[in-house]
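The primary structure of each chain is shown beneath.
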Amino acid sequence: MRFLAGLLLLLTLASPATAQKQVNVYNWSDYIAEDRLKVFTAETGIKVNYTTYDSNEILDAKLKAGRSGYDVVVPTASPFLVRQLAAKLYQPIDKAKLKNLGNLDPKLMAELAKYDPGNRHAIPWMWGTIGVGYNVAEIRKRMPDAPVESLGMIFDPKIVSRFADCGVMVLDSATDMFPAALKYLGLDPDSKSSADLAKAAEVMKAIRPSIRKFHSSEYINALAGGDICLAFGYSGDILQARDRAAKAAQKREIAYGPPKEGAMLWIDTAAIPKDAPNPEQAHRFLDFMLEPKVAAASSTLTGYANANLPATALLDKAIAGNPWIYPPAEARAKLYTITAANAEQTRERTRLWTAIKTGR
Amino acid sequence: MRLVIALPYLWLVVFFLLPLGLVLGLSLATNAPDLAPPVELGLSFASFKLLFTDDLYLAAWLSSLRIAATSTLVCLLLGYPMAYAIARATPPRRPLLLMLVILPFWTSFLIRVYAWMGLLAENGILNQFLRWSGLMSDPGTILGTEWAIHLGIVYAYLPFMVLPLYTALEKLDWSLLEAASDLGARPLPAFLTVTLPLSLPGIVAGCLLVFIPAVGEFVIPDLLGGTRTLMIGKVLWDEFFTNSDWPLASAVAICLLILLVGPILLFQRQQQRSLERT
Amino acid sequence: MSGPIVKIDGVAKSFGAVQAVAGVDLEIARGELFALLGGSGCGKTTLLRMLAGFETPDSGRIVIDGQDMTGVPPHLRPVNMMFQSYALFPHLDVANNVGYGLKREGVAKTEIAERVAAALALVKLDGLGARRPAQLSGGQRQRVALARALVKRPKLLLLDEPLAALDRKLREGTRFELVRLQEQLELTFVMVTHDQEEAMGMASRLAVMKDGRIVQTGTPHDVYERPATRFVADFIGVANILQTAPRRWLALRPEKIVLAANRPATAHAATGKIVDIAYEGDRSLYRVAIGNGPVMLVAQMNTERVRESHRRGDAVWLGWSDDAGQPLEE
Numbered sequence: 070m071r072f073l074a075g076l077l078l079l080l081t082l083a084s085p086a087t088a089q090k091q092v093n094v095y096n097w098s099d100y101i102a103e104d105r106l107k108v109f110t111a112e113t114g115i116k117v118n119y120t121t122y123d124s125n126e127i128l129d130a131k132l133k134a135g136r137s138g139y140d141v142v143v144p145t146a147s148p149f150l151v152r153q154l155a156a157k158l159y160q161p162i163d164k165a166k167l168k169n170l171g172n173l174d175p176k177l178m179a180e181l182a183k184y185d186p187g188n189r190h191a192i193p194w195m196w197g198t199i200g201v202g203y204n205v206a207e208i209r210k211r212m213p214d215a216p217v218e219s220l221g222m223i224f225d226p227k228i229v230s231r232f233a234d235c236g237v238m239v240l241d242s243a244t245d246m247f248p249a250a251l252k253y254l255g256l257d258p259d260s261k262s263s264a265d266l267a268k269a270a271e272v273m274k275a276i277r278p279s280i281r282k283f284h285s286s287e288y289i290n291a292l293a294g295g296d297i298c299l300a301f302g303y304s305g306d307i308l309q310a311r312d313r314a315a316k317a318a319q320k321r322e323i324a325y326g327p328p329k330e331g332a333m334l335w336i337d338t339a340a341i342p343k344d345a346p347n348p349e350q351a352h353r354f355l356d357f358m359l360e361p362k363v364a365a366a367s368s369t370l371t372g373y374a375n376a377n378l379p380a381t382a383l384l385d386k387a388i389a390g391n392p393w394i395y396p397p398a399e400a401r402a403k404l405y406t407i408t409a410a411n412a413e414q415t416r417e418r419t420r421l422w423t424a425i426k427t428g429r
Numbered sequence: 017m018r019l020v021i022a023l024p025y026l027w028l029v030v031f032f033l034l035p036l037g038l039v040l041g042l043s044l045a046t047n048a049p050d051l052a053p054p055v056e057l058g059l060s061f062a063s064f065k066l067l068f069t070d071d072l073y074l075a076a077w078l079s080s081l082r083i084a085a086t087s088t089l090v091c092l093l094l095g096y097p098m099a100y101a102i103a104r105a106t107p108p109r110r111p112l113l114l115m116l117v118i119l120p121f122w123t124s125f126l127i128r129v130y131a132w133m134g135l136l137a138e139n140g141i142l143n144q145f146l147r148w149s150g151l152m153s154d155p156g157t158i159l160g161t162e163w164a165i166h167l168g169i170v171y172a173y174l175p176f177m178v179l180p181l182y183t184a185l186e187k188l189d190w191s192l193l194e195a196a197s198d199l200g201a202r203p204l205p206a207f208l209t210v211t212l213p214l215s216l217p218g219i220v221a222g223c224l225l226v227f228i229p230a231v232g233e234f235v236i237p238d239l240l241g242g243t244r245t246l247m248i249g250k251v252l253w254d255e256f257f258t259n260s261d262w263p264l265a266s267a268v269a270i271c272l273l274i275l276l277v278g279p280i281l282l283f284q285r286q287q288q289r290s291l292e293r294t
Numbered sequence: 009m010s011g012p013i014v015k016i017d018g019v020a021k022s023f024g025a026v027q028a029v030a031g032v033d034l035e036i037a038r039g040e041l042f043a044l045l046g047g048s049g050c051g052k053t054t055l056l057r058m059l060a061g062f063e064t065p066d067s068g069r070i071v072i073d074g075q076d077m078t079g080v081p082p083h084l085r086p087v088n089m090m091f092q093s094y095a096l097f098p099h100l101d102v103a104n105n106v107g108y109g110l111k112r113e114g115v116a117k118t119e120i121a122e123r124v125a126a127a128l129a130l131v132k133l134d135g136l137g138a139r140r141p142a143q144l145s146g147g148q149r150q151r152v153a154l155a156r157a158l159v160k161r162p163k164l165l166l167l168d169e170p171l172a173a174l175d176r177k178l179r180e181g182t183r184f185e186l187v188r189l190q191e192q193l194e195l196t197f198v199m200v201t202h203d204q205e206e207a208m209g210m211a212s213r214l215a216v217m218k219d220g221r222i223v224q225t226g227t228p229h230d231v232y233e234r235p236a237t238r239f240v241a242d243f244i245g246v247a248n249i250l251q252t253a254p255r256r257w258l259a260l261r262p263e264k265i266v267l268a269a270n271r272p273a274t275a276h277a278a279t280g281k282i283v284d285i286a287y288e289g290d291r292s293l294y295r296v297a298i299g300n301g302p303v304m305l306v307a308q309m310n311t312e313r314v315r316e317s318h319r320r321g322d323a324v325w326l327g328w329s330d331d332a333g334q335p336l337e338e
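Protein sequences, first through last, are from chains A, B and C.
First residue of the first sequence: 70, per this note's numbering; consecutive thereafter.
First residue of the second sequence: 17, per this note's numbering; consecutive thereafter.
First residue of the third sequence: 9, per this note's numbering; consecutive thereafter.
One thing to keep in mind: the hints can contain errors.
[Stated by the list, open to error] Below, computed lysine-lysine pairings styled on BS3-like, alpha-carbon distance capped at 27 Å:
(1) A:K168 - A:K157
(2) A:K386 - A:K183
(3) B:K65 - A:K261
(4) B:K187 - A:K133
(5) A:K210 - A:K90
(6) A:K343 - A:K329
(7) B:K187 - C:K111
The set of hints was computed from the structure by calculation and includes no laboratory data.
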């Protein structure tokens with residue numbers, strides 16, 4: 070009898086969903102000020118089931134497998150959101166339910182509209198650029214006039230080879246690296262033509278001997294710990310490396326160089342999967358994300374720029390005034406985005422990328 | 017009673033045959049990125065064809081097999097003396113020695129691999145020691161090389177080699193070695209003609225236990241290896257996640273399975289024969 | 009070459025705190041079937057293993073066929089051993105088991121085949137060369153082990169409890185078989201056994217061991233009829249041990265005593281009462297209480313078929329001659 074009673078108790082404990090409203094959020098790790106989540110629950114009575122991932126690919130596979138059970142997810146606009154939109158994985162956002170929608174930066178909305186026409190399925194959350202991260206002292210020692218704010222720093226074999234001895238890492242991402250190489254060559258960074266890709270591949274094969282590793286996150290610790298002196302990566306990650314290096318026992322100065330030729334702009338977005346079990350609560354959560362206070366707190370945490378205009382005023386000067394986070398108008402005008410590739414183009418690019426990496 | 021007998025079969029069907037059928041079905045489907053899941057079911061051998069015609073995949077297979085084979089060999093060369101020493105230790109000591117072999121398993125595999133990263137990095141503990149001690153001023157970096165992959169695999173899989181070897185050697189009647197020596201065999205020939213053939217089942221089991229997972233290993237080459245080393249596990253990951261090509265990823269998985277079924281069958285037949293013998 | 013084939017000089021061996029062999033001197037002549045006899049833990053096996061080279065003496069030395077064996081590993085000794093467990097190689101067939109030692113010597117293949125066939129014929133296992141040890145009976149395995157050791161033509165064959173793993177019936181036959189082989193091949197055998205009957209029945213000479221020492225060496229007849237100590241007298245066969253004076257005893261074998269209703273005409277006589285009779289067919293064993301003193305064991309052959317000679321409770325006389333007993337001082 071007692072066993073049965075215990076079992077019943079367990080069952081009732083295990084299914085609070087029937088008793089309380091909830092929203093299932095699947096986000097990047099360290100990507101929202103989590104203390105604000107309690108405020109959300111207090112204000113709305115909606116419990117937040119918050120889980121995290123650390124790669125777009127994992128999210129992509131989960132959504133494509135179906136019945137993920139998530140109400141709000143945070144994919145990067147290109148290529149993942151685009152790919153997922155093509156597979157019709159998202160439901161349109163009911164804009165009438167988002168009273169904070171007007172807070173969003175119209176310029177960023179316009180960029181995002183290239184991927185999601187009419188901004189029907191996703192709202193921008195955080196954004197940043199891709200550029201050069203470097204160890205100031207090590208670079209100066211080897212080349213006092215190093216062009217740290219140029220793509221040549223990475224893609225010119227004569228320059229990058231001077232830093233091979235202290236370690237160079239670049240992103241392990243064909244979708245991020247090919248556009249940058251094309252930009253360096255003065256070609257259209259969004260080009261999908263085989264001829265252009267071949268030229269970009271030649272550039273990367275030439276710098277291959279100088280590159281210690283291709284990886285999309287290890288460079289944060291490697292840069293901070295002095296294992297490498299040069300990286301090509303996401304602005305926010307390099308700022309994280311800077312902060313970690315500043316806190317370390319052995320101080321190292323890490324800096325970011327946004328490419329003057331024009332940097333690739335990436336946007337992470339929030340969207341509601343088509344089969345979200347709680348679409349109503351999902352909209353409430355999106356509206357919560359659009360609150361300036363939430364966006365500002367999250368930017369303070371991550372060191373990324375947010376898409377929320379009124380939030381800028383709430384930010385610390387060290388963030389709002391940092392040209393590496395919020396680039397000045399002139400640099401912002403040169404930011405570029407890329408469109409998604411089809412399956413054949415993706416394969417061709419991945420194949421070329423693997424060949425470059427393995428030095429074949 | 018019938019239920020008890022049926023249970024393992026049920027388990028096999030639900031957790032092996034069903035998923036295997038699914039993967040097989042997927043491998044014969046066509047990639048359709050605009051669908052969710054991104055496949056169009058059918059009977060297409062395009063994925064397999066691509067797998068066998070593109071030399072990139074072939075290279076990945078070969079380097080996976082090569083790395084798995086050398087790692088297995090190193091594991092055998094390291095594991096055999098270890099297992100031998102444990103089997104010859106006094107019985108009260110053996111549990112302690114075995115425990116030391118198994119002890120690393122108490123820590124998460126991932127944490128142990130990360131620990132190696134900390135040891136082998138450019139400014140890692142190993143290089144710091146080499147520089148501090150003055151043994152080498154410019155030791156270079158092991159992390160990110162094929163050496164690091166081998167090291168990682170040998171470290172992670174060594175217990176899988178030692179345990180079956182120990183089981184085989186522990187059963188060995190040591191008076192057989194005395195007999196060999198009594199009949200005029202020097203220590204090395206005695207080892208080669210008596211110990212080695214009698215521990216063969218342990219050698220085969222240990223090698224399979226190391227070789228099979230090492231061929232498909234993903235985490236170790238990803239974390240410890242450089243980008244220059246291409247392994248089939250990484251290819252599978254790339255196809256599934258980066259290219260979102262589930263059929264091709266499934267085809268890789270099926271080929272991996274077929275490749276590894278061969279040695280397993282061989283092992284089973286050998287086991288069968290040794291059973292008939294006794 | 010003449011002289012003893014084995015010469016053991018002051019050999020001692022300890023395992024940790026346990027002294028297994030505590031100073032043994034022994035010489036074994038060519039062509040002997042020598043038995044090391046003793047209870048478990050007496051050091052007989054350790055001594056045998058030192059002859060084979062599996063154990064190294066802590067002190068003393070062993071000379072085999074004039075060659076000092078100090079530092080000579082087992083594979084270089086002119087000695088072969090038949091193991092108690094037989095230690096046949098389970099992964100090799102009978103022919104390869106027997107031929108193993110010849111192969112190690114580098115003997116030519118054809119010669120190996122001939123010698124293996126001859127050895128198998130010698131132990132009456134012709135035609136079983138292709139079998140695996142697991143497919144043989146216990147007695148067949150024992151003979152393979154013997155053939156494997158003999159085929160090397162050793163100067164000295166060591167046998168560790170050669171009959172212990174066989175059942176009783178098989179043991180009898182094998183005993184004679186081993187003696188026949190030893191005589192036919194004119195080899196020297198050194199065997200270890202805990203079974204005094206086995207040692208008595210087979211050995212041309214034997215050594216009784218106790219606590220790592222040799223207590224007595226001699227022919228079976230010597231050791232039986234003239235035991236040197238109370239231990240030997242008791243260990244080999246059965247003896248009544250009578251105290252004749254302080255630190256002086258007399259060992260009297262049961263069959264050397266006459267049992268009669270009236271006083272027998274022997275030099276010594278005593279009266280007593282039968283307390284127990286064990287009828288064994290060919291003979292009967294009587295336990296006779298002498299007054300309030302010792303109970304003596306007496307054996308009488310049952311030469312008559314019809315009548316029981318004595319009953320329990322009968323008052324009887326025991327008698328023995330002057331030379332029936334062996335005086336002992338220890």
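Going down the list of hints, with the structure as the test:
no., hint, result
1, A:K168 - A:K157, "holds (26 Å)"
2, A:K386 - A:K183, "violated (31 Å)"
3, B:K65 - A:K261, "holds (25 Å)"
4, B:K187 - A:K133, "violated (52 Å)"
5, A:K210 - A:K90, "violated (59 Å)"
6, A:K343 - A:K329, "violated (40 Å)"
7, B:K187 - C:K111, "holds (26 Å)"
When the structure is compared with the earlier hints, violations turn up for hints 2, 4, 5 and 6 and for no others.
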